[in-house]
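Number of protein chains: 2
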Amino acid sequence: MKSYSIKELLSSNLSLQEVTVKGWVKTFRSNRFIALNDGSTINNIQCVVNFENFDEALLKKVSTGAALEISGTLVESQGRGQSVEIQVNKLEVLGVSDPDTYPIQPKKHSLEFLREKAHLRVRTNTFAAVMRVRSVLSFAVHRYFQNNGFYNVHTPIITGSDAEGAGEMFRVSTLNQKKPPLNEAGEIDFKQDFFGKETNLTVSGQLEAETYAMALGKVYTFGPTFRAENSNTSRHLAEFWMIEPEVAFNDLDANMDLAEDFIKDVINYILENCAEDLKFLEQRLLDEEKSKPQAERSDMDLIEKLKFVSENNFKRVSYTEAIDILKSCTPNKKKKFKYIIDEWGADLQSEHERFLVEKHFKCPVILFDYPAKIKAFYMRLNDDGKTVRAMDILFPGIGEIVGGSQREERLDVLLDKIKELGIDEEELWWYLDLRKFGTAVHSGFGLGFERLVLFATGMGNIRDVIPFPRTPQNAEF
Amino acid sequence: MKSYSIKELLSSNLSLQEVTVKGWVKTFRSNRFIALNDGSTINNIQCVVNFENFDEALLKKVSTGAALEISGTLVESQGRGQSVEIQVNKLEVLGVSDPDTYPIQPKKHSLEFLREKAHLRVRTNTFAAVMRVRSVLSFAVHRYFQNNGFYNVHTPIITGSDAEGAGEMFRVSTLNQKKPPLNEAGEIDFKQDFFGKETNLTVSGQLEAETYAMALGKVYTFGPTFRAENSNTSRHLAEFWMIEPEVAFNDLDANMDLAEDFIKDVINYILENCAEDLKFLEQRLLDEEKSKPQAERSDMDLIEKLKFVSENNFKRVSYTEAIDILKSCTPNKKKKFKYIIDEWGADLQSEHERFLVEKHFKCPVILFDYPAKIKAFYMRLNDDGKTVRAMDILFPGIGEIVGGSQREERLDVLLDKIKELGIDEEELWWYLDLRKFGTAVHSGFGLGFERLVLFATGMGNIRDVIPFPRTPQNAEF
Chain A
1 MKSYSIKELL SSNLSLQEVT VKGWVKTFRS NRFIALNDGS TINNIQCVVN
51 FENFDEALLK KVSTGAALEI SGTLVESQGR GQSVEIQVNK LEVLGVSDPD
101 TYPIQPKKHS LEFLREKAHL RVRTNTFAAV MRVRSVLSFA VHRYFQNNGF
151 YNVHTPIITG SDAEGAGEMF RVSTLNQKKP PLNEAGEIDF KQDFFGKETN
201 LTVSGQLEAE TYAMALGKVY TFGPTFRAEN SNTSRHLAEF WMIEPEVAFN
251 DLDANMDLAE DFIKDVINYI LENCAEDLKF LEQRLLDEEK SKPQAERSDM
301 DLIEKLKFVS ENNFKRVSYT EAIDILKSCT PNKKKKFKYI IDEWGADLQS
351 EHERFLVEKH FKCPVILFDY PAKIKAFYMR LNDDGKTVRA MDILFPGIGE
401 IVGGSQREER LDVLLDKIKE LGIDEEELWW YLDLRKFGTA VHSGFGLGFE
451 RLVLFATGMG NIRDVIPFPR TPQNAEF
Chain B
1001 MKSYSIKELL SSNLSLQEVT VKGWVKTFRS NRFIALNDGS TINNIQCVVN
1051 FENFDEALLK KVSTGAALEI SGTLVESQGR GQSVEIQVNK LEVLGVSDPD
1101 TYPIQPKKHS LEFLREKAHL RVRTNTFAAV MRVRSVLSFA VHRYFQNNGF
1151 YNVHTPIITG SDAEGAGEMF RVSTLNQKKP PLNEAGEIDF KQDFFGKETN
1201 LTVSGQLEAE TYAMALGKVY TFGPTFRAEN SNTSRHLAEF WMIEPEVAFN
1251 DLDANMDLAE DFIKDVINYI LENCAEDLKF LEQRLLDEEK SKPQAERSDM
1301 DLIEKLKFVS ENNFKRVSYT EAIDILKSCT PNKKKKFKYI IDEWGADLQS
1351 EHERFLVEKH FKCPVILFDY PAKIKAFYMR LNDDGKTVRA MDILFPGIGE
1401 IVGGSQREER LDVLLDKIKE LGIDEEELWW YLDLRKFGTA VHSGFGLGFE
1451 RLVLFATGMG NIRDVIPFPR TPQNAEF
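The listed protein sequences derive, respectively, from chains A and B.
So in the working numbering the end of the first sequence lands on 477, straight run, no missing numbers.
So in the working numbering the end of the second sequence lands on 1477, straight run, no missing numbers.
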């Protein structure tokens, strides 16, 4: 007898056949109806037990969370809401689950409570749905790039380069931590460390990805990146996955086109492939928002919002235009913003981005041509001498989801910039080589994968869209 | 005028159309024939320059490595070996490449020399081919699992758990390295560290993947893992990518079936999708082996070897059978092995694995049912009380490419084992929970991705199949 996944059974034409299924008990009602789930789908299969035929002691072990192997006849369902059910002939309890101690009972648990049980929370409908969507979304990322002529590059996680400048770093070492060896100058002797130098966890694979784009043309990374910043917000993780495409010969316009096309494609892919999980997550969000005041509820339901993004053009606005809008907007004039925008050059805060996206344009926005002073050294200087070819994509409810730029391909301009910022030229010898040998216009961006999952699932806290979140003071499991 | 990739142009029917192409000069012969490559394919497009129509100073800048934008008419090629070529109408040098200083000249460079230029080596035919195959292989991995009902899980890279026991770990910290804070007992006060505890880089995502398999059924990881071992061999990296599927309700036989089916599928995928790169790599290997004595050359050419693996069953042999074969084999009797096999229980060394695979069976071998004493704590104990349901897959020329097992699902047996080994039960509370609540048979394996790339490309050193290798004393770039 072939074993089937519950997803297969529910969409099959196997009626009246004998089947075997293995999974975990969601509920057991009236000593008769077992709702069984094996993770393959949000839907359970109903297994109907004729309790007179089974040992009472056995049925006592059928409780939420228990693992079962069930054989029986697949029949058209008598009840509503399911197409087929199993008339159970044989039932084996593979692993019990004591109702008095099992934390995941069939009732509503708070997301905060479940974070403490990260090893079990994926057994809930919400987290199982989130993690299936996350998985399909991750595949959509690879699929998009591979179908469009990109090559995946695994850039290094441990880096000896500290010039990326995207944030605070975690140190990686095997030196004796209590008594590190010192050199003659009394400093730590990194020559004795594993790599013979000081090393950290990467904050971005961009610089290394550029070296590959300048040979393979179109490349992308999809790997973990790290920020040792003490940010305890619902949008920050110390360890998160980032997607970084990099394309030779692309200017900033082509870069914006790529980012927009990419995001729309992966959103469409989950709309097509995760319909049931998204429907469940949409209802979850509706239920959650019922307790909120009207003003704080979403304008759109989850699936409507995803379709809106995939079907409408992102609004492209220069930083300068954005500043003009912000200077004259009501919250700025009435000093409702924490940071008042009074002149060109100001760094935009989350409150400003949210105003632009959620109140003013009411759609995803691409801001571009930022002041050079507030952006990274590698971004291409415009002819005005004061802005760079940077772009950020801002999403409703999420804020910045993409940050990218055309890279400075001119050796002399890049060298000036590095000197101005006091970056060690020696550290970047290999990055500068790209500008010495066959340099060309090129561009890329970084997209924080968890922020995309947040948007796609309608979850509110980034800790709830990655299996085992790493945040300040938290590295359990 | 639309820009085309060279791959598109070479397989197109665009003859007599005007096209634009951007790429890098491979060679420039007779002041007339530019071989241009943009990384999209191993093949160059020939661009024919009527030098009388171009400025001499411009053509002087056309040297190996220079970036060009070329417009012209696509015509059927006059020369042999290419279908189409471009009659150049317009030529722009985007970025020069000084022949006196550019390290990647059109001649044979040693792999060792190129390792020092890891930022440029992907501009050579060999490394471009290897990295394209690596990319397609990585996609084949995701494609296989996603098409077979698996969910991708991003297990944590920074781990607070040190019970994995797979090897030496790298410490991750933000504490002051020179003067770490001490607690009252004079020990380092990890409460002040970023995560409030001691943390390391993961050596395996298996234990966390198990938590997801016991909810989603079939899951896989594909991420970086780390070993702080001072192994300077051609098969070890300190940072490497690992694939770890984990499946609820699979026993060891199903686990072996999965591993074999998976490997065959991804090998077939690259045979279908990387034909030209593999052909190039096959020739490279033939050329390399010409300088070797006959006895050290491969029995099969690269593509033949890949087909052999994808078309033939892997030989499944118990550890006990393998020991019998080894005890009575000639190299053991004649003491040619460094480690003589004289009794059951011995850990197999690389020389023994190679003998079994390359001399005795001459095909991939799955060894299973190893002595419990030489395997990890989480492997399921057989009824004999002395062997565990472990399996290793050994490949010709590579050695161990997969290590896996059925996991011990019985709480009491697992607790006994943990006590016996002195592992801290408290550390594994969440792992033990899986055996308390709805436990079931489950299995999985780990496959070192770089070893698969080594096998697929015929390269000899693992440092040459990852973009920026991390090894003892080496974390450049």
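No lab work stands behind these hints, which were simulated from the structure alone.
All C-beta atoms in this analysis are idealised placements derived from N, C-alpha and C, irrespective of residue type, glycine included.
Mixed in with the good hints, there may be bad ones.
To give an idea of the chain B side of the interface with chain A (calculated C-beta under 10 Å), a few residues [what the hints assert, rightly or not]:
1) 1006
2) 1010
3) 1011
4) 1028
5) 1106
6) 1122
7) 1132
8) 1134
9) 1191
10) 1201
11) 1219
12) 1337
13) 1339
14) 1344
Here is how each hint holds up against the structure:
no. : hint : verdict
1   : 1006 : holds (9 Å)
2   : 1010 : violated (13 Å)
3   : 1011 : violated (12 Å)
4   : 1028 : violated (13 Å)
5   : 1106 : violated (13 Å)
6   : 1122 : holds (4 Å)
7   : 1132 : holds (6 Å)
8   : 1134 : holds (8 Å)
9   : 1191 : holds (9 Å)
10  : 1201 : holds (7 Å)
11  : 1219 : holds (8 Å)
12  : 1337 : violated (32 Å)
13  : 1339 : violated (28 Å)
14  : 1344 : violated (33 Å)
In terms of the numbered hints stated before, the structure departs from hints 2, 3, 4, 5, 12, 13 and 14, listed from lowest to highest.
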